[in-house]
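Protein chains: 4
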Amino acid sequence: MSFNIVRVARVMMNVTDLDKARDFYVNALGMVETESDDSHLYLRGLEEHVHHSLVLKKAEQPGVHALGYKVYNEGDLEALAALFEEKGFPIKWIEGGSQRAMGKILRVHDISGIPLEFFYKMETVDRYLQRYDLYRGARIQRIDHVNCFVPDVQKAYDFYINELGFKCSEYTATDDDQIWAAWLHRKPNVHDQAFMNGPGPRLHHIGLWVSDPMSIIHGCDVLASMGYTQAIERGPGRHGLSNAFFLYLRDPDGNRIEIYTGDYLTSDPDFKPIRWSLNDPRRQTFWGHQAPDSWFNEATPFLNIQTGEPVRLSEAVLEKHKPDMLV
Amino acid sequence: MSFNIVRVARVMMNVTDLDKARDFYVNALGMVETESDDSHLYLRGLEEHVHHSLVLKKAEQPGVHALGYKVYNEGDLEALAALFEEKGFPIKWIEGGSQRAMGKILRVHDISGIPLEFFYKMETVDRYLQRYDLYRGARIQRIDHVNCFVPDVQKAYDFYINELGFKCSEYTATDDDQIWAAWLHRKPNVHDQAFMNGPGPRLHHIGLWVSDPMSIIHGCDVLASMGYTQAIERGPGRHGLSNAFFLYLRDPDGNRIEIYTGDYLTSDPDFKPIRWSLNDPRRQTFWGHQAPDSWFNEATPFLNIQTGEPVRLSEAVLEKHKPDMLV
Amino acid sequence: MSFNIVRVARVMMNVTDLDKARDFYVNALGMVETESDDSHLYLRGLEEHVHHSLVLKKAEQPGVHALGYKVYNEGDLEALAALFEEKGFPIKWIEGGSQRAMGKILRVHDISGIPLEFFYKMETVDRYLQRYDLYRGARIQRIDHVNCFVPDVQKAYDFYINELGFKCSEYTATDDDQIWAAWLHRKPNVHDQAFMNGPGPRLHHIGLWVSDPMSIIHGCDVLASMGYTQAIERGPGRHGLSNAFFLYLRDPDGNRIEIYTGDYLTSDPDFKPIRWSLNDPRRQTFWGHQAPDSWFNEATPFLNIQTGEPVRLSEAVLEKHKPDMLV
Amino acid sequence: MSFNIVRVARVMMNVTDLDKARDFYVNALGMVETESDDSHLYLRGLEEHVHHSLVLKKAEQPGVHALGYKVYNEGDLEALAALFEEKGFPIKWIEGGSQRAMGKILRVHDISGIPLEFFYKMETVDRYLQRYDLYRGARIQRIDHVNCFVPDVQKAYDFYINELGFKCSEYTATDDDQIWAAWLHRKPNVHDQAFMNGPGPRLHHIGLWVSDPMSIIHGCDVLASMGYTQAIERGPGRHGLSNAFFLYLRDPDGNRIEIYTGDYLTSDPDFKPIRWSLNDPRRQTFWGHQAPDSWFNEATPFLNIQTGEPVRLSEAVLEKHKPDMLV
Ligand SMILES: [Ca+2]
Ligand SMILES: [Fe+2]
Ligand SMILES: [Fe+2]
Ligand SMILES: [Fe+2]
Ligand SMILES: [Fe+2]
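Chains as they are written, first to last, in the UniProt record's numbering: chain L, 1 to 327; chain G, 1 to 327; chain Y, 1 to 327; chain U, 1 to 327.
Next up, chain L with everything else stripped away, as it sits in the complex:
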């Protein structure tokens, strides 16, 4: 490949009420508010040296504008634009400076219709990693990954591996060896991007990194003491797949957030992807717990990069399984 993707680095999505979002993400989850205006809230994790990893935009309806990937340099943007154009996918350039803190941005739709964006420059800020006096709630450190429902995981997998240069750490397969779900990475931990079989494309969740399981336990306690018991959808628990300690939350608009820690280093080129059977009870929760129906069925729509309208969904190519069949 003639480009180099670093990692998933930001998500831009809608919320209907910025104050409610601030209370949830800043006061309860412990993200840092870098700045805000009447229609945006720019948030980052405690260890992040960049202006933001999450942009919440005030809007009438939920929807995800783009999953943002950082690349090494400006030339990578050109090379990526060429790739997506050659494939016949829509692309759109956003001038440097037209979005707060951002250099030039390339937006595209990927093979599943997911709106992606690529950028190489974002303003940097002070890291608060050692400002322990400012830690609160779940102590979010940084963005870790995004997870999407797509109708055809095999197709998405092939595109990300072969065209975008991702590697696979773990995957779930059906008994007849069809890929049900896949965990793909650029940075060397379990994933930047996961795909699961389901009507899509839809954003299933954003994964936010914390430094240890006790941050998640304390996060639950803080959420409950603030009246957010309804926001706790699943967990805490240990994933079989990825080995991470996790918690799934729904923000005040229903967007799903995963608090995540404790996967492993996947830097070695000869690391063999780990196969999980759909029927292994320890795959989704190592301790055997099942996910609730909402976790299986609900997700956030993506928005078209040109029109801003919700991206049309397609049915999944693999047969639907019960709620306990997904991570």
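FYI, nobody ran anything at the bench for these hints, they're computed from the structure. Accuracy of the hints is not assured; some may be wrong.
Within a straight-line C-alpha distance of at most 30 Å, the following computed DSS-like cross-link-like pairs (lysine-lysine) qualify [stated by the list, open to error]:
no., chain 1, residue 1, chain 2, residue 2
1, G, Lys87, G, Lys167
2, L, Lys104, L, Lys167
3, L, Lys272, U, Lys121
4, L, Lys272, U, Lys104
5, Y, Lys104, G, Lys167
6, L, Lys121, U, Lys272
7, U, Lys167, L, Lys272
8, Y, Lys121, Y, Lys58
9, U, Lys57, U, Lys20
10, Y, Lys121, G, Lys167
11, L, Lys104, L, Lys57
12, G, Lys272, Y, Lys104
13, G, Lys121, Y, Lys272
On the chain G side, residues computed to face chain L include the following (Cβ under 8 Å) [claimed, not checked]:
no., residue
14, Trp93
15, Met214
16, Ile217
17, Asp221
18, Ala224
19, Thr229
20, Gln230
21, Ile232
22, Arg282
23, Ala291
Every residue, glycine too, gets a C-beta built ideally from N, C-alpha and C.
Starting from the structure of chain L, add chains G, Y and U with the ligands where the hints point.
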């Protein structure tokens, strides 16, 4: 009162297979095997200075022989015998030395029909509190409490408070102020003995103490890696009531064990019992999770101190509530 | 005994600057400020249901007014007054209501000259145990114990055991079996009151309880990020004696605070006190670390209950040992 | 560069007694023994999918044979050989299969005289990441980094950055802006390789990764209970530089091991290296503790790749600072 009960100090109950029980309690939960013979397994926690806190007895059927309370001295046994006889409850003396490691034991049935025992003397052993090289699994430190279904919680409450000298730390009440469940203590933490409204008497669970939440998280991981995912019934989570971090397990015979840590000091005579409403979603799990049906319905029978037959159950006096209505 | 002491329950001591003290105890250690006025700061831990456990009084010089013990009822005060008067020790009554939030108080000097106080009534307040949204810094839960240098540990030991009804959990002895230090309790954990051989009487430290080791680790991080590295005197580490995980701090006036967690239940009347040799390298820090000289030499003076003047010190009866010779 | 180094991946060093080494690394630290013979012990961490990350070789004297870096493919070995030959540094080829579990190895001396090795192939094995039933002691997960004394840090820095393609995450500088120490990485966390100013080259320590601070606390407890208090040289504590939670140990032969967790992601090409002043008290231990003299002065010699003799030391180019002046 003319006697002084120290704390709940041992439970004697049946298991159908001693080897399976050993694998669960010693290898997975990390209890210490003090000794065993063909029909008994004597277990203690890492901090315990006494011969055992759990006696597992080989038998065809599950059943609990007695919930054992330690008293200060031999005279306390006489005073307790007098009390139970005066009330017309069955009593039975077991000679010192006739049970392994034990002095004289007084067995009785309490007002709900629960078989209790009182003793003042048990052989002591080396504590393994600082033998960290021997720690494994969930690292059980000591017995903490027992929790029973009884048909009439108010009646049990009155007997333990007024006749046996317990104090109440927390309780659950219905909207019309009937006591649904109560947490009673002799040692000054939340409880030695809890009662919950339900067909009974039955033993709901034995609560075992660990020193921190990470022992419980690691315990789950060890259980899962040993193939015990089916044993994990509920949690881990935080109780609203008691504030403890908890995990409920079912041993290979279905007996329920709670791993428990993080309640608080209740030594002050002017500590006011905390009232929880049956309808508070944070009461049973502070984070809002519901208990599974099995947790609500299943429990272990008690055995008659004379005949060894299961104690007859009575229906609960308060109306049945849904599974999410109990701690 | 004709009285019943519950536990150590408050300390009243001087600080020279209330704002600096507030920053340290509230912002860094996470104590709750119940209220304050021009010359007092009333602090409590997160689980405490009482108005305060620490009263900081503005003054020119450091000094401890009293170590406060809660008793069961008013009659206990009379019985204690009788005991101290009979022994010829000074006593002083403080009327109920003359100190903020307090009922009647009995002040005395004990056999080592330490100013003690006994009270049975203090106003109660909301507990913040489950207000996790208010947790900060080291998350102090409650007062646990006090530790004093006294010139003659054997004499203090005899008085507390025989006259006041304390029990001994652990002690340090010289090779010729003289008691060098002793850990004594009323509530059933390792101690309410410890004595160490040294010029005295002086207050060595106040022990504050937290619920787990990670609260101490996070406390260190918060202290450092707030510029309090100089306040961290020793630890964190594991005590051999008591098994507790600990951290020693010096407040802005040099008063020593221990953050402490993880000892064990000492309720059993047949629990045998644990003997440590002065020469055991794991006694003071289980991991073998030595205490700094300051920890060995520095302590806070006590004030006379009548005059308010510092209590005169006496030399220790046992020979001085090196800094690594004390817990 | 025409080669691609993945990460530091193994260290081969001498020990004088394999049984003592096994007790320390396997029983106390929790490394997995993949296999052993009369003169070697092959160890790996719980998450490692490769045969080993540490080879301990029986010998009369301590000494490090090589710090091993994994590269992407065989071609990388050729390109690296060309680079080192061009620079006039010694190189040596070791045939695939001549070392247990290893493909072809390139050994060289770097610009400071440190023996490095590069390899692309090692046999793979079962990962024990989710064999929680096998976890013990400090629960070592994987090798993380190596840290060396070199006489001229600036020279080493330039070589690793400009010739080998490392990046710098953090560094220490003197008041006149000379580089005193530097943390360099290939995998995107704080480091694979650190250099500190001192007589060298010598290996200061091997950094082993664990998943959370409680693994380190428990590791200390297990070490102490096994009689290894003498092995605990420094910590546990928080590094200012790197933010990691750490513990330094000396193995039975005096080789220094760091247990390490909690640094951060350094993947971004625009991450600005963090500068620390030599005089910042929070640099080496964020909490302000000083390192002991032994930590400052003692290190393990490297061995010549041809002769096996200890590599000659050179004096440091920057003036010696006190023990509290290094991380
Ligand atoms: Ca000491
Ligand atoms: Fe995820
Ligand atoms: Fe319980
Ligand atoms: Fe203490
Ligand atoms: Fe290091």
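Do the hints match the structure? See the list:
Between Lys87 of chain G and Lys167 of chain G the CA atoms are separated by roughly 21 Å; this keeps the pair inside 30 Å, and the hint holds. For the hint linking Lys104 of chain L to Lys167 of chain L, the alpha-carbon distance of about 26 Å falls within 30 Å, and the restraint holds. For the hint linking Lys272 of chain L to Lys121 of chain U, the alpha-carbon distance of about 13 Å falls within 30 Å, and the restraint holds. In summary, the hint linking Lys272 of chain L to Lys104 of chain U is supported, as the alpha carbons are separated by about 21 Å, within the 30 Å threshold.
In summary, the hint linking Lys104 of chain Y to Lys167 of chain G is supported, as the alpha carbons are separated by about 25 Å, within the 30 Å threshold. Distance check on the hinted pair: Lys121 of chain L and Lys272 of chain U sit about 13 Å apart at the alpha-carbon level, within 30 Å; holds. Simply put, Lys167 of chain U and Lys272 of chain L have alpha-carbon atoms about 27 Å apart, close enough for the 30 Å limit, and the pair holds. Distance restraint check for Lys121 of chain Y and Lys58 of chain Y: the Cα-Cα separation of roughly 24 Å lies within the 30 Å cut-off, and the hinted pair is therefore satisfied.
Of the supplied pair hints, the one linking Lys57 of chain U and Lys20 of chain U holds, its CA atoms being roughly 12 Å apart against a limit of 30 Å. At roughly 19 Å between alpha-carbon atoms, Lys121 of chain Y and Lys167 of chain G fall within 30 Å of each other, so this suggested pair holds. Of the supplied pair hints, the one linking Lys104 of chain L and Lys57 of chain L holds, its CA atoms being roughly 19 Å apart against a limit of 30 Å. A C-alpha spacing of about 21 Å is found between Lys272 of chain G and Lys104 of chain Y, which places the hinted pair at or below 30 Å, so the restraint holds.
Simply put, Lys121 of chain G and Lys272 of chain Y have alpha-carbon atoms about 13 Å apart, close enough for the 30 Å limit, and the pair holds. Evaluation of the Trp93 of chain G hint against chain L yields a violated restraint, the C-beta minimum of about 45 Å exceeding 8 Å. This hint holds: Met214 of chain G has a C-beta 7 Å from the nearest C-beta of chain L, less than the 8 Å allowed. Interface hint at Ile217 of chain G: satisfied, since its Cβ lies 6 Å from the closest Cβ of chain L, which is below the 8 Å cut-off.
The restraint placing Asp221 of chain G at the interface with chain L holds, with a minimum CB-CB distance near 6 Å, inside the 8 Å limit. Taking 8 Å as the C-beta contact cut-off toward chain L, the hint placing Ala224 of chain G at the interface holds, the least distance being around 5 Å. Look at Thr229 of chain G: its Cβ gets to within about 3 Å of chain L, closer than 8 Å, so that hint holds up. Interface restraint check: Gln230 of chain G against chain L, minimum CB-CB distance 7 Å, threshold 8 Å, status holds.
Given hint, Ile232 of chain G at the interface with chain L, holds; its Cβ is 5 Å from that chain's nearest Cβ, closer than 8 Å. This hint holds: Arg282 of chain G has a C-beta 6 Å from the nearest C-beta of chain L, less than the 8 Å allowed. Below 8 Å, beta-carbon pairs count as interface contacts, and Ala291 of chain G has none with chain L, the closest being about 13 Å; its hint is therefore violated.
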